[in-house]
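Assemble the complex: chain A is given as a structure, and chain B must be docked to it using the hints.
Chains as they are written, first to last, in full-length UniProt numbering: chain A, 1 to 359; chain B, 1 to 269.
No lab work stands behind these hints: they were computed from the structure.
Rough simulated footprint, nothing fancy, chain B against chain A, three-plus residues with beta-carbon under 8 angstroms: (1) 69–82; (2) 87–97; (3) 100–111.
Below are the SDA-like pairs computed for lysine to any residue, each with C-alpha atoms no more than 20 angstroms apart in a straight line: (4) K123(B) / V205(B); (5) K131(A) / V172(B); (6) K209(A) / G236(A); (7) K182(B) / F145(B); (8) K131(A) / I154(B); (9) K171(B) / P89(A); (10) K171(B) / P107(A); (11) K131(A) / L180(B); (12) K171(B) / D75(A); (13) K171(B) / H90(A); (14) K209(A) / T336(A); (15) K209(B) / A131(B); (16) K182(B) / T92(A); (17) K108(A) / K171(B); (18) K171(B) / T92(A); (19) K182(B) / H90(A); (20) K108(A) / D129(A); (21) K131(A) / E102(A); (22) K182(B) / P132(A).
Just a sample of chain B residues kept apart from chain A, beta carbon distances all over 10 angstroms, derived: (23) E4; (24) T34; (25) I42; (26) I67; (27) C82; (28) F142; (29) Y200; (30) L219; (31) R221; (32) V248; (33) V253; (34) L254; (35) R257.
Glycine residues also receive a C-beta, built at the ideal position from the N, C-alpha and C atoms.
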Amino acid sequence: MSAITLTDIRKSYPGGAQVLHGVSMDIQHGEFIVIVGPSGCGKSTLLRLLAGLDPCEQGELVIDGKRANDMPPQDRDIGMIFQNYALYPHMTVLENIAFGLELRKVPKAERLARARAVADTLQLTPYLDRKPGALSGGQRQRVAMGRAMARECSTFLMDEPLSNLDNALRVAMRTEIKDLHRQLGATIIYVTHDQTEALSLADRVAVMKDGHLQQFDTPDVIYDRPANRFVAGFLGAPAMNFVPADCINGWAGPHNVDVGFRPEALTLHRAPVSGPSIAARVALTEMTGATFIVHCESEAGRLSAVVARGDGLPEDGEDIWLSLSPSQALCFDAITGDRLDHFNTAQRQAGAPCAVAPA
Amino acid sequence: MKPENPLLACLALAAGLLFLSPVLYSVWMSFQTTDAYYTGTIDFTLGNYEMAIGQYNFARYLLNSVIVSGLVTVIGLAVATCAAFAFARYTFGGSNLLFGAVVATLMIPSHITLIPNYLTLAKAGLLDTYAGLVLPAISNGFAAFFLRQYIRGIPRALDEAAYMDGASPLKVLRRVIIPLSKPAILSMGLYIFISEWNNYIWPLVAIGKEDLYTLQIGLARLYRVNPGEDIINWPLVMAASTITILPVIVGFVLVERHLIRGMMMGAVK
Numbered sequence: 001m002s003a004i005t006l007t008d009i010r011k012s013y014p015g016g017a018q019v020l021h022g023v024s025m026d027i028q029h030g031e032f033i034v035i036v037g038p039s040g041c042g043k044s045t046l047l048r049l050l051a052g053l054d055p056c057e058q059g060e061l062v063i064d065g066k067r068a069n070d071m072p073p074q075d076r077d078i079g080m081i082f083q084n085y086a087l088y089p090h091m092t093v094l095e096n097i098a099f100g101l102e103l104r105k106v107p108k109a110e111r112l113a114r115a116r117a118v119a120d121t122l123q124l125t126p127y128l129d130r131k132p133g134a135l136s137g138g139q140r141q142r143v144a145m146g147r148a149m150a151r152e153c154s155t156f157l158m159d160e161p162l163s164n165l166d167n168a169l170r171v172a173m174r175t176e177i178k179d180l181h182r183q184l185g186a187t188i189i190y191v192t193h194d195q196t197e198a199l200s201l202a203d204r205v206a207v208m209k210d211g212h213l214q215q216f217d218t219p220d221v222i223y224d225r226p227a228n229r230f231v232a233g234f235l236g237a238p239a240m241n242f243v244p245a246d247c248i249n250g251w252a253g254p255h256n257v258d259v260g261f262r263p264e265a266l267t268l269h270r271a272p273v274s275g276p277s278i279a280a281r282v283a284l285t286e287m288t289g290a291t292f293i294v295h296c297e298s299e300a301g302r303l304s305a306v307v308a309r310g311d312g313l314p315e316d317g318e319d320i321w322l323s324l325s326p327s328q329a330l331c332f333d334a335i336t337g338d339r340l341d342h343f344n345t346a347q348r349q350a351g352a353p354c355a356v357a358p359a
Numbered sequence: 001m002k003p004e005n006p007l008l009a010c011l012a013l014a015a016g017l018l019f020l021s022p023v024l025y026s027v028w029m030s031f032q033t034t035d036a037y038y039t040g041t042i043d044f045t046l047g048n049y050e051m052a053i054g055q056y057n058f059a060r061y062l063l064n065s066v067i068v069s070g071l072v073t074v075i076g077l078a079v080a081t082c083a084a085f086a087f088a089r090y091t092f093g094g095s096n097l098l099f100g101a102v103v104a105t106l107m108i109p110s111h112i113t114l115i116p117n118y119l120t121l122a123k124a125g126l127l128d129t130y131a132g133l134v135l136p137a138i139s140n141g142f143a144a145f146f147l148r149q150y151i152r153g154i155p156r157a158l159d160e161a162a163y164m165d166g167a168s169p170l171k172v173l174r175r176v177i178i179p180l181s182k183p184a185i186l187s188m189g190l191y192i193f194i195s196e197w198n199n200y201i202w203p204l205v206a207i208g209k210e211d212l213y214t215l216q217i218g219l220a221r222l223y224r225v226n227p228g229e230d231i232i233n234w235p236l237v238m239a240a241s242t243i244t245i246l247p248v249i250v251g252f253v254l255v256e257r258h259l260i261r262g263m264m265m266g267a268v269k
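Extracted from the complex, chain A is given alone in its bound form (with noise of 0.2 angstroms):
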């Protein structure tokens, strides 16, 4: 049986335009879902009919086989971590952790215990008598990782949990955050807008978008074959390169369609080369730390690619060539936007040749 099953779910703000649109997903006991997609996607309005925070008016919630649609939040054995933790300030870290457990009367040595239990799994055991607001932004969050965790709920809900926090402790969070779902084996479904935390935390991603859920995968799938341009677009970064079918020369494929290509699988020549390739002017380059971002202007738009440190790094205004290989390129309809399976598939397989025209 599935943990969690979503099943057309809309919902509309009174005087407000509909925020989802029939979401359908089904979720499995011990996954990690994150839900991503640009602001006002409709992730955190998705995290909260979930959590019974808003009400489920229109669809079916399913939580551990019984209809949740009318469950009040207490009932449905769900942990929330919120975005900006909302720890009880007037509490100390002990009280924070331990209050779910004292609201379901569990005698007060035993709550003291599985509190400070947590909290030494957390590393909070120093921090026990402080209140929150003498604690850092990580500390914080552990708190509020605690106070979901000292319930032992089947599933926890967080809606962007990292995104207060500066990028190293975010990274060092992700990595803890990765193994307490590996030592919980309880179901994670997290809201974030950041693709790097999607693609390294999930076992599937829910990619969203103005309320639609666009596709929903594992990361490989997602970032290897995505649903559609706005998938293709969203997860990656530098983001996916798009050149319209008609601007490519000798282009053996459909036309009006727009071929996607990620900017690691363009290798860049000073001189022009035999089979796809695209000539472009270099704009600007940036270090990334172990490899540039080299964008370039062509005739098609600005391009992205992305090439090692040492290979050679052209000048800026220099005239280059990017050559792709066709088996990492990907065609999407033009209007739709969908992307076009049994094209990809055979043009893998022939091989096709693809070629830009110069800008």
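Same frame as chain A, but now just chain B:
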């Protein structure tokens, strides 16, 4: 501590003394005998306090004032806090209209409700009772408005976290909202207590039995020239006044810090 601006500090000191001098003078006067007061000499005595408490029953009035003001404060705060929580956190049909009606009550002078309240309590048989003094004062529109504004400033995520932890709405109010609203609640409590402590008109209308007189009624009686006397006993009046204001000052000192914090609320972001 060195004042930042000596001129301002001197002005503040002068203003403080100006406001304090009548109080200090009345306390000084309360320890003088009547003869000394009228002859301009100094004759220290505790007799005025003995007379106020013993002969004029001020101990009883003090108890009545404490009971009435205390009950009005506690029940009034409970009612106002619940109303404020509901208005701050729940939207229901007509909630804005209802809140508007609560705010509108602030524009009605209390004297207008005097006769309707009197008739209502007379019909209910509650005149000359503590309930008759307390009941009309427990619904306080200003307190509901003030606390609602404060509660709206508390992040809603805290309520939601408590609901997720398994709290009922009443638990959220008791365990989250009330502790976090303590400065505002204490400020409002002191405000209600002082207002009720100084209330003169309603006890005068609602109470006829001397046993239920509050301090304000008892104090007013002292201003009358007693039969056989041709002067007002001002030292006695001042002793009674000191008894009347002392609990308020003690209360103020106890919650002063919270009162100031509460009043700062909303003034700055």
